[in-house]
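Asker: Chain by chain, the residues run as shown.
There are 2 protein chains.
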Amino acid sequence: MIYFDNGATSYPKPFSVVNAVQRSFCDFCANPGRGGYNSAMKSAEMIYNARSAAADLFNANTENVIFTSGCTYSLNAAIKGLCRLGSHFVISDLEHNSVVRPLEKLKKSGKCDYSVAKVTPDESETVNNFVNKFRKNTVAVICTLSSNVFGIMPPITKIAHEAHKNGILFILDAAQGAGYLPVDMKKTGADIICCAGHKGLFGPMGTGLLILSKDINIDTLAEGGTGSNSESLNQPVLSPDKFESGTPNVHGIAGLFEGIKFVENIKCENILMHENKIIKYIFDELKACQSIILYTDFYDGVQKSPVLSFNVKSKKSEETAALLAENGICVRGGLHCAPLAHRKMGTLGVGTVRITPSWFTDEKETEFLVNCIKKIAK
Amino acid sequence: MIYFDNGATSYPKPFSVVNAVQRSFCDFCANPGRGGYNSAMKSAEMIYNARSAAADLFNANTENVIFTSGCTYSLNAAIKGLCRLGSHFVISDLEHNSVVRPLEKLKKSGKCDYSVAKVTPDESETVNNFVNKFRKNTVAVICTLSSNVFGIMPPITKIAHEAHKNGILFILDAAQGAGYLPVDMKKTGADIICCAGHKGLFGPMGTGLLILSKDINIDTLAEGGTGSNSESLNQPVLSPDKFESGTPNVHGIAGLFEGIKFVENIKCENILMHENKIIKYIFDELKACQSIILYTDFYDGVQKSPVLSFNVKSKKSEETAALLAENGICVRGGLHCAPLAHRKMGTLGVGTVRITPSWFTDEKETEFLVNCIKKIAK
Numbered sequence: 000m001i002y003f004d005n006g007a008t009s010y011p012k013p014f015s016v017v018n019a020v021q022r023s024f025c026d027f028c029a030n031p032g033r034g035g036y037n038s039a040m041k042s043a044e045m046i047y048n049a050r051s052a053a054a055d056l057f058n059a060n061t062e063n064v065i066f067t068s069g070c071t072y073s074l075n076a077a078i079k080g081l082c083r084l085g086s087h088f089v090i091s092d093l094e095h096n097s098v099v100r101p102l103e104k105l106k107k108s109g110k111c112d113y114s115v116a117k118v119t120p121d122e123s124e125t126v127n128n129f130v131n132k133f134r135k136n137t138v139a140v141i142c143t144l145s146s147n148v149f150g151i152m153p154p155i156t157k158i159a160h161e162a163h164k165n166g167i168l169f170i171l172d173a174a175q176g177a178g179y180l181p182v183d184m185k186k187t188g189a190d191i192i193c194c195a196g197h198k199g200l201f202g203p204m205g206t207g208l209l210i211l212s213k214d215i216n217i218d219t220l221a222e223g224g225t226g227s228n229s230e231s232l233n234q235p236v237l238s239p240d241k242f243e244s245g246t247p248n249v250h251g252i253a254g255l256f257e258g259i260k261f262v263e264n265i266k267c268e269n270i271l272m273h274e275n276k277i278i279k280y281i282f283d284e285l286k287a288c289q290s291i292i293l294y295t296d297f298y299d300g301v302q303k304s305p306v307l308s309f310n311v312k313s314k315k316s317e318e319t320a321a322l323l324a325e326n327g328i329c330v331r332g333g334l335h336c337a338p339l340a341h342r343k344m345g346t347l348g349v350g351t352v353r354i355t356p357s358w359f360t361d362e363k364e365t366e367f368l369v370n371c372i373k374k375i376a377k
Numbered sequence: 000m001i002y003f004d005n006g007a008t009s010y011p012k013p014f015s016v017v018n019a020v021q022r023s024f025c026d027f028c029a030n031p032g033r034g035g036y037n038s039a040m041k042s043a044e045m046i047y048n049a050r051s052a053a054a055d056l057f058n059a060n061t062e063n064v065i066f067t068s069g070c071t072y073s074l075n076a077a078i079k080g081l082c083r084l085g086s087h088f089v090i091s092d093l094e095h096n097s098v099v100r101p102l103e104k105l106k107k108s109g110k111c112d113y114s115v116a117k118v119t120p121d122e123s124e125t126v127n128n129f130v131n132k133f134r135k136n137t138v139a140v141i142c143t144l145s146s147n148v149f150g151i152m153p154p155i156t157k158i159a160h161e162a163h164k165n166g167i168l169f170i171l172d173a174a175q176g177a178g179y180l181p182v183d184m185k186k187t188g189a190d191i192i193c194c195a196g197h198k199g200l201f202g203p204m205g206t207g208l209l210i211l212s213k214d215i216n217i218d219t220l221a222e223g224g225t226g227s228n229s230e231s232l233n234q235p236v237l238s239p240d241k242f243e244s245g246t247p248n249v250h251g252i253a254g255l256f257e258g259i260k261f262v263e264n265i266k267c268e269n270i271l272m273h274e275n276k277i278i279k280y281i282f283d284e285l286k287a288c289q290s291i292i293l294y295t296d297f298y299d300g301v302q303k304s305p306v307l308s309f310n311v312k313s314k315k316s317e318e319t320a321a322l323l324a325e326n327g328i329c330v331r332g333g334l335h336c337a338p339l340a341h342r343k344m345g346t347l348g349v350g351t352v353r354i355t356p357s358w359f360t361d362e363k364e365t366e367f368l369v370n371c372i373k374k375i376a377k
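Note that the protein sequences, when read in sequence, are chains G and X. Residue numbers for the first sequence follow numbering that gives the first Met the number 0, so the first one is 0 and each next one is one higher. Residue numbers for the second sequence follow numbering that gives the first Met the number 0, so the first one is 0 and each next one is one higher.
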């Protein structure tokens, strides 16, 4: 299996991740915060350490790192935790359905409204596009760190800066990028970071992070037993307990902890350099083929993450992906749960074939991929 | 480690469960429904089979079995999925904070109201207590299969029957019980079943089920990418896609699948018989000690599941639990996230020490536990 679908979930996971998940069934197989015996304490301690490692990676405060079941949950929690009757949100035209669908539902039920700002190759123009959408009742901007389809990276720090000047919060969707694109919560100016645990952070599927900046407080999406203040019918008011009801995914968190350590060991910057080298090679090779359509230019001034979408002329993206699958290559064809981005780039009908490498992708696999694509495109 | 805290999470997990989770990092390490290549297809197929196995266990329809991150999420999804402005709920006085806290929050925000019905040893009286709380705007009764603190089992089938006669839905919280107390969705008359995957079903922590009866439709708690209808800004309308946004916990589901198969192999009834034998022995031994307080009588006509709470006179429950922990015994002391149940039984101040065995608990461990308790109680 030659895996180029790390944008969906990373594969393989580091051995330490798989090992930690397996060991968790012995070492941490007790419900943290619900028992005073040794294994429950060890379980709680591991979770604290994982929380602390995630906080370090994003330069956030430990108690404001919340473990979730995935980025979709994190985004729903962020959006619905901020939404009041009459709230307005501004999002980029690259956002994923995990941003658009909750907003669309809230809009349809009359609870909120949202506007879409266009991301262009010109950073100032992009920032202006966001500012022009601001209203008096705008509570937050939601913007992706990197388009999950085209790798385009909006100028998030500048957008966050303008949002703050207008008293508007900035929510960063780091699903595609966390782990290989360095994200410093304070420098970026993100008030909330939502990210997956199972992509660039190499954790297991079923894990995610919701990170709040120090001064922000949001409503809860779910309430329940927290193992704290158990005598009270009311949800605890302090993070992380406030946002983490029910038994946590101890096994997943044990794996994610190792994934984060793996990333910290290698460093985001090195992972990015490695992946960009691979994408650059593929890009140059495909660019030379007349029968292949590329949607972004690697060097046109737009900052871009190592996510590459293409199509073979006269072929549907699913067809190309299926032909690659026959050669043992895993890439995703079709739409990538981001209809706004596809509409923007004119690929809503045909979809795209998406290539997303990882730290584990090597040259040989990359050459094989390129050769297979070239054969299909002949 | 001698583990009597299966009410928090079951330990050990069957070898097949641990093995399946580990294998999932190779066999199913691809995002189901997001790729047409082999491992993504295998991943989707495994999830379908797991869904089907869960449906068989509860006599439900496969497409109405929804995988969640735990029972807390399932209950929040059920409650908030049904709640409209002005809705009224009726719950038992044994409910967990995962039922009470969401309702309390909705009540405080003026969205809904709820009433608490008293469960007594007399079944008819209990049913009447529920019926007396019904209002014109009551949308659902929420009732536990078995108290997570005292093992008391309300007459759910009769309560559900009365609810239906009044056009009211019945939500069953099967967190404590699923796996050792047989639950037939159709015979019970439950419209929604919420349960944990990591307790009696022997799955990993971080898994749960939300099961809807055929004719019921509820609103979504979270929306996002589903890998289906990706061109649409709207959430799909059909279950399970409607309720399963984002990357599923593939590893957890692979483990839960094996847990369900394990239960189906042994049969709920046999697990219950085994656990009840253990609890009966402990109960009889502790009943003979004057310095021990028991809160329920095993044979007083109240149907009871194998969950036993006790206290040593003159000792706080946490103190007794800590002394048992010194002997390598894992039990939970304090409050068990169920303040209503503690208030009912007069243990809100002192808490209780809870003993919850599993299929894997043996006689020798049980005798050791009893001897340790007796020494502490001397």
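Read the hints as simulated data drawn from the structure, not as lab findings. Heads up, some of the hints might be wrong.
It does not matter which identical chain is meant; a pair holds if it fits inside one copy or across any two.
To be verified - Heads up, simulated BS3-like pairs for lysine-lysine below, C-alpha to C-alpha not over 25 angstroms straight-line:
(1) K315 with K41
(2) K110 with K241
(3) K41 with K107
(4) K241 with K107
(5) K276 with K286
(6) K107 with K315
(7) K279 with K373
(8) K276 with K374
(9) K279 with K164
(10) K377 with K266
(11) K213 with K41
(12) K276 with K373
(13) K266 with K164
(14) K135 with K286
Asker: Going through the numbered hints above, which ones does this structure break? Give me the numbers in ascending order.
Answerer: 3, 6, 9, 10, 11, 13, 14
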